[in-house]
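Top to bottom, those sequences are chains Y and V. All residue numbers for the first sequence refer to full-length UniProt numbering, where the first residue is 1 and numbers rise by one. All residue numbers for the second sequence refer to full-length UniProt numbering, where the first residue is 1 and numbers rise by one.
No wet-lab data here; the hints were simulated from the structure. Since the model is a prediction, treat every value here as computed from it, not as a measurement. Note that the Cβ used here is the ideal one computed from N, Cα and C, for glycine as well. Keep in mind that a hint or two might mislead.
To be verified - Subject to a maximum C-alpha distance of 27 Å in a straight line, what follows is the list of computed DSSO-like cross-link-like pairs (lysine-lysine):
# : chain 1 : residue 1 : chain 2 : residue 2
1 : Y       : K332      : Y       : K255
2 : V       : K124      : Y       : K255
3 : Y       : K332      : Y       : K229
4 : Y       : K255      : Y       : K229
5 : Y       : K332      : V       : K124
6 : Y       : K229      : V       : K124
What the hints assert, rightly or not - Simulated restraints, written as ranges between beta carbons of each label pair:
# : chain 1 : residue 1 : chain 2 : residue 2 : range
7 : Y       : I118      : V       : N238      : 34 to 40 Å
8 : Y       : V91       : V       : N238      : 25 to 31 Å
9 : Y       : L231      : V       : F208      : 51 to 57 Å
These are the residues of each chain, in order.
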Amino acid sequence: MTAADTKAAGPPPVPVPRGPEVTGPSSPAKDAKPRARRQRKKGELLPYLLILPAILAIAAVYVYPLIKTVIMSFQDMGRAALWGNGETPWVGFEQFTNILGDPEFWQVTGRTVVFMTICVVLTMGIGLLIALMMLRLSTWVRLVLTVALIAAWSMPLMVAASVFRWLADSDYGLINTLLADLTGNEDWLGHNWFLDPWQGFGIITLLVVWGAVPFVVITMYAALTQVPKELEEAASLDGASAFGVYRFVTWPVIKPVFTMVATLSVIWDFNVFGQIWLLRGNKPEPEYETLGLYSFSKAFESTSFSQGSAIALITVLMLSGVAVYYLRQLIKTGEVE
Amino acid sequence: MSTSTRTSTSTATDTPAQVLRPDRKRNRLGYNIVALVTAALMAFPVYWLIISSLRPNHEIRSYDQTLWPSSLTFDNFARAVEQDNFGTAIRSSLIVSVTAVVGGMIIATLAALAIGRFRFFGRKALMMVMILVQMLPPTAMLIPIYLQLNAMGGIDEYWGLIVVYLVSTLPFATIMIRGFVINIPVELEESAMVDGCTRMGAFRRVIFPLLAPGLAAASIFALVNAWNEYLFAYILINDNSKYTLNVWLMTFTTERGTDYGALMAASTLISIPVVIFFMIIQGKMATGLTSGAVKG
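The following block holds chain Y by itself, in its conformation from the complex (with noise of 0.2 Å):
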């Protein structure tokens, strides 16, 4: 159903050759001919000149750094190359086999993919939930939960990571009062939740969690809207249970919009580093380093820019599979058509 009805939502975009300067009240159909070929060659160059700017911007931001990252991973460049000093010499793959054969860096990427297997799991479930019940309140309950949604959405990074580290805080924080007062147990004043890095990254998950929420439900609802009624209805008058017509009415249409939300999940979740860096006031111990935190830390504090490069590396071509997906998703619901 997807293919037919992103088909139908647009007209496809047809080389019409259209005249700028050849313009008048002359009547088209008479020199429409000799006009079209020579309006051709125009319209072959017109949407080149419109995307240069972006070509350029883009390549200047992404690809060229990017191809900057390969060739400096396979160098060995510190602050003297910083500075200018000295030639910055090459090494081959020793960035990588050193680090590859470091077991830090396993601990770290296991820890990355835990926590990003966490992260999506609940925020995916959660906001899934959320935007079915969505479906099925009345309307000013509703409209309550979209306010509140956006209020989470909108707040900036930094001023969350503010808030949740104020509600942790181990002497001021709310989390460790309302503990105190449920179980009367007084220990849990004063209680550092960084101490421990699972307690740590529970509220870290926290964070994470509560700020993704809210885009799944609104992406998950609108796709929600469009699932036709009158299939449902039918369904279930033929006797199929709620969950079955979920599971043959309602995901089937869901899925290509739950999937590319997911695949962003992952990689988003992959890349936490804010939410991180700012809860430990922007000195992150060892063992709250994920890939991202662990090549920053590598490159400006070890500053061992090549290190911090072979790692950033290996985790683009850890995600890369998973972009190859979110890319398949896309030219399936006909988005890069």
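Knowing the structure of chain Y, use the given hints to seat chain V on it.
Chain V alone, transformed into the frame defined by chain Y:
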């Protein structure tokens, strides 16, 4: 249970479903309650932000936090506003975000027109590149961009940050504006040109007005992104007097601890424009997302 709830309320003639009505009413009440609890949980950090910014300092630095403040005060806001570099941080954020958005929208509109209106060699590849670059981790780009800007003298300069923000919102803006472009019938443009408009004239008088809502949505989205960005601002700007607002927030955390009251007040001030913008574009963004990114 859930699906029948909705279907039968919409169709009153539906006899088999009507039998379920009392059950459904109870269901809806249950859903409403769960939804209100969810809304409260989602909005709680926002509530805590605002309420903490208005709390007297002795309550902020209390070992016994309460959900409701005993009294309200603007002292925190006074301390936040008096903090060094507040004015320059606003200026920096405005300069960087607005310039990046204006530049980004011009480039994105041109590209969106090309992608939406013409079928040319490399069009698909361009869209794929646009989608793919969005997925590159910013930290992977950070190191080479930092080194390059350092070599070009772009550290501590606004233009370095502007270029980065401009390009990082470019792919999304292009795809979103394209969604609006393909919904404008080509015939409109053609008939304007038959009536004597030049191509530029047709764009200005016919296409641009129809594109305006899409442009507004995309530009506010880009503005919010640039306004909220932290990592690149933190790395590329070291000069205190050029900090953007998000980096400036760090000045409330010193070695002696964090002034949470003032930090919450400053955070509230920074969030207000973002919340307003989000409220404005929310509806349009849903249109843009569904017509541009979901439906195509």
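Hints versus structure:
1. About 12 Å separates the Cα atoms of K332 (chain Y) and K255 (chain Y), which keeps this hinted pair within 27 Å; it holds.
2. Between K124 (chain V) and K255 (chain Y), the direct Cα distance comes to roughly 24 Å. Compliance with the 27 Å bound is thereby established for this hinted pair.
3. Between K332 (chain Y) and K229 (chain Y) the CA atoms are separated by roughly 24 Å; this keeps the pair inside 27 Å, and the hint holds.
4. Proposed proximity of K255 (chain Y) and K229 (chain Y) is supported: the alpha carbons are some 17 Å apart, at most 27 Å.
5. Among the hinted pairs, K332 (chain Y) with K124 (chain V) is consistent with the structure: their alpha-carbon atoms are about 13 Å apart, no more than 27 Å.
6. Simply put, K229 (chain Y) and K124 (chain V) have alpha-carbon atoms about 34 Å apart, too far for the 27 Å limit, and the pair is violated.
7. Here the CB-CB span from I118 (chain Y) to N238 (chain V) is close to 35 Å, well matched to the stated 34 to 40 Å.
8. Under the hint 25 to 31 Å, the C-beta atoms of V91 (chain Y) and N238 (chain V), about 30 Å apart, fit the expected range.
9. In this structure the supplied range 51 to 57 Å is violated for L231 (chain Y) paired with F208 (chain V), their Cβ-Cβ distance being about 40 Å.
Violated hints, in rising order: 6 and 9; the structure is consistent with all others.
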